[in-house]
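Trainee: So the chains spell out like this:
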Amino acid sequence: MRAVTLRAPTQGRTWLLVGLSVLLVVLVLFMEALKPLFQFAFPDLQSPLYDRESFLQLTLDHLLLVLVSSVISVSVGVGAGLFVTRRGGREFEPLVSSLAAIGQTFPPAAVLAIVVPLAGFGFVPTIVALTLYGLLPVVQNTIAGLGTVPATTLEAARGTGMSRAQILLRVELPLAMRVIIAGVRVSVIINIGTATIGSTVGAQSLGTPIIAGLVGNNIAYVIQGAVLVGLLAIVTDLFFERLERRFSFGG
Amino acid sequence: MHSTKVSKGESEGLVANRVLLTLLVAALIGAALLPFAAMAPNRLVSGQSVGLVSALLAWQWGTLGLLAVLLGLCALSRPFSLPAAYRLVLVAAPLWLLLVLYGLGSYADRALEDASSAARISQGAAFWIVAFCPVLMIVDAFQRLHTNLALRSLYAALLAGSVAAMFALDVFDGLAILREYANNRELFAAEFATHLRLVASALGPALAIGLPLGLLAHRRSGARGPLFGLLNFFQTIPSIALFALLVAPLAALSEALPFLRALGVKGIGATPAIIALIMYALLPIVRNTYAGFAGVAATTLEAARGMGMTSRQILWRVEIPLALPVILSGLRIVTVQAIGLTVVAALIGAGGLGSFIFQGLGQYAIDLVLLGAVPTIALAVVADFLLQILVAISKPAGAR
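Chains P and U, in that order, are what the protein sequence lines are.
Under the numbering used here, the first residue of the first sequence carries the number 137, and numbering increases by one thereafter.
Under the numbering used here, the first residue of the second sequence carries the number 185, and numbering increases by one thereafter.
A couple of the hints might just be wrong.
Claimed, not checked - Calculated Cβ distances over 10 Å to all of chain P for the following chain U residues:
1) S265
2) P505
3) F542
To be verified - For each label pair, taking beta carbons as the anchor points, the in silico distance ranges come out as:
4) U:P433 x P:S190: 44 to 50 Å
5) U:L198 x P:T289: 53 to 59 Å
6) U:Y548 x P:T289: 53 to 59 Å
7) P:L173 x U:T484: 53 to 59 Å
8) P:G258 x U:T484: 36 to 42 Å
9) P:A169 x U:Q543: 50 to 56 Å
To be verified - Quick partial rundown of chain U residues pointing at chain P, CB under 10 Å, derived from the structure:
10) A432
11) R489
12) M493
13) L525
No wet-lab data here; the hints were simulated from the structure.
Model, not experiment: these values are computed from the prediction.
Virtual Cβ for every residue (Gly too), placed ideally from N, Cα, C.
Please build the complete structure, drawing on both the sequences and the hints.
Mentor: In structure tokens:
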């Protein structure tokens with residue numbers, strides 16, 4: 137597929153990122169202050185504010201799920217991508233690429249629902265499911281990113297007498313970094329969404345108030361959870377967008 | 185060109201195909217160490233594990249062993265030549281797969297003979313590994329043979345047909361997942377239909393909105409930034425949050441406007457699900473439509489204008505046919521994505537296969553979870569494959 141290049145006004149995006157981050161932090165810390173607002177909007181509700189757990193704790197749990205699984209996904213995924221693009225592992229490249237492509241057609245929610253019961257409910261099984269799924273875009277983009285490095289560039293690097301490790305660290309990885317980060321971005325954003333569903337398999341996250349609200353017919357809980365997790369995803373996405381731009385050379 | 189690449193380099197040494205060997209070793213280790221099946225006294229208790237050799241009859245695991253030896257030989261540089269080894273894999277691997285499936289079904293039947301009627305037989309981790317590895321062997325063999333899509337499709341159809349025949353012959357009826365199905369036969373058909381209906385009713389409007397927007401993004405460069413920014417914003421919001429956030433305003437709207445209520449628009453149910461699915465579908469459709477049009481060469485347009493075609497003719501006879509493969513790849517992404525997201529829509533009461541998943545998770549009834557999850561995955565994979573064929577067909581003859 138042809139890459140679509142979008143030039144966004146950088147200045148505006150930065151302010152958006154800062155503004156939304158501040159909003160997110162303020163909402164996480166001071167959601168209680170909005171209780172009268174929810175009370176006013178939903179006068180029929182007995183409890184207009186989710187109070188079984190603090191929003192700070194829910195957010196931290198959510199971040200921990202995403203962070204742990206993403207760190208594993210990225211290290212294993214980049215490692216696998218590097219392995220199949222080196223001489224020793226090149227034979228595995230077609231299979232690993234199609235595995236990553238086929239695997240991404242599996243719905244994340246279905247993967248979560250199959251993996252978690254196999255490993256028992258709760259935090260660790262959810263991490264396993266998130267990690268497995270998060271691997272795929274990272275592997276795919278690592279292979280794609282390293283594939284974009286022109287053969288002439290590698291030839292030139294070899295010609296200047298660089299060792300293989302030097303070529304990898306000083307030429308290939310820097311040139312592939314933008315595409316690899318794009319893969320990490322997809323992986324992390326999917327994981328933020330899937331961690332939300334993790335609350336149905338016993339992992340506490342920002343999805344917990346959403347599910348509690350949907351089950352108990354409490355729209356206020358639903359809104360509180362959904363706004364926070366939506367903001368979290370958007371802030372993360374904007375952050376990665378900046379990071380990607382930092383690594384684009386001459387573009 | 186390809187065949188020389190295959191025969192060079194890879195045939196040196198004792199091992200000719202390290203990928204095949206790795207998959208085979210993974211399957212054998214999985215079969216040796218992990219449970220192949222589990223038997224539980226009823227649906228809510230977790231079961232007692234059974235290994236592959238004790239679950240299967242002697243002739244079954246014996247044949248599996250022989251097939252493993254044959255596949256092992258295919259991975260070596262002798263006695264078979266490389267192309268012969270690949271073709272042999274294409275025969276041996278599916279036999280292995282079908283035998284594993286048959287073995288699981290027959291084990292379930294035998295185990296249930298002297299057990300109570302509430303007993304449940306479920307497939308274990310080793311089963312998934314031993315069934316998945318031959319599929320990967322087949323994929324790998326096709327990639328190395330550079331077979332064209334038509335042959336691959338025929339092969340996939342034959343394999344899928346064989347598995348379907350086993351279902352039709354009641355081979356798997358002893359398995360817990362199919363007993364869940366037997367208990368929910370009508371409900372399953374209804375939820376499956378709901379799932380497809382939700383996907384279809386989102387894709388129609390998404391195409392109707394997305395295609396013109398993609399054309400607009402192509403024609404007006406100024407609209408591109410804000411448009412893609414907004415659509416990316418939709419795409420970033422986690423599915424459950426977007427579904428849930430649409431519940432509240434729609435509930436209020438339907439409360440306030442009786443005609444909407446008469447149309448069936450409610451806060452909970454299909455309406456928020458379809459709206460959310462449309463919002464998610466827009467980015468890939470618009471992006472690919474734009475990319476498709478942007479990919480039409482300026483010289484081609486120049487030639488069409490030189491022939492005296494009007495701009496309408498150029499759009500319909502030149503630009504759209506040339507952009508079609510890229511647009512259809514967008515449709516492929518969106519269809520697979522929508523099938524997956526519809527699972528989550530079950531949480532806001534829209535129904536679909538996700539309702540089995542979440543009901544099963546709520547009751548700790550794993551087989552019910554699988555009754556929702558496995559068909560969803562199968563649906564996504566099949567849709568992906570069919571649309572891949574469509575994309576290939578839509579390419580102009582020279583580019584195929």
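Trainee: Would you mind marking each hint as holding or not holding in the structure?
Mentor: For each hint, the structure was consulted:
1. S265: holds, 17 Å
2. P505: holds, 17 Å
3. F542: violated, 6 Å
4. U:P433 x P:S190: 44 to 50 Å: Taking Cβ atoms as reference, P433 (chain U) and S190 (chain P) lie about 27 Å apart, which means the hint is violated.
5. U:L198 x P:T289: 53 to 59 Å: For L198 (chain U) and T289 (chain P) the Cβ distance comes to about 36 Å; the hint is violated.
6. U:Y548 x P:T289: 53 to 59 Å: For Y548 (chain U) and T289 (chain P) the Cβ distance comes to about 55 Å; the hint holds.
7. P:L173 x U:T484: 53 to 59 Å: holds, 58 Å
8. P:G258 x U:T484: 36 to 42 Å: Violated, at about 58 Å.
9. P:A169 x U:Q543: 50 to 56 Å: violated, 37 Å
10. A432: holds, 5 Å
11. R489: Result: violated, 23 Å to nearest chain P Cβ.
12. M493: Status violated, d = 24 Å.
13. L525: holds, 7 Å
Hints 3, 4, 5, 8, 9, 11 and 12 from the list above are not met by this structure, while the remaining hints are.
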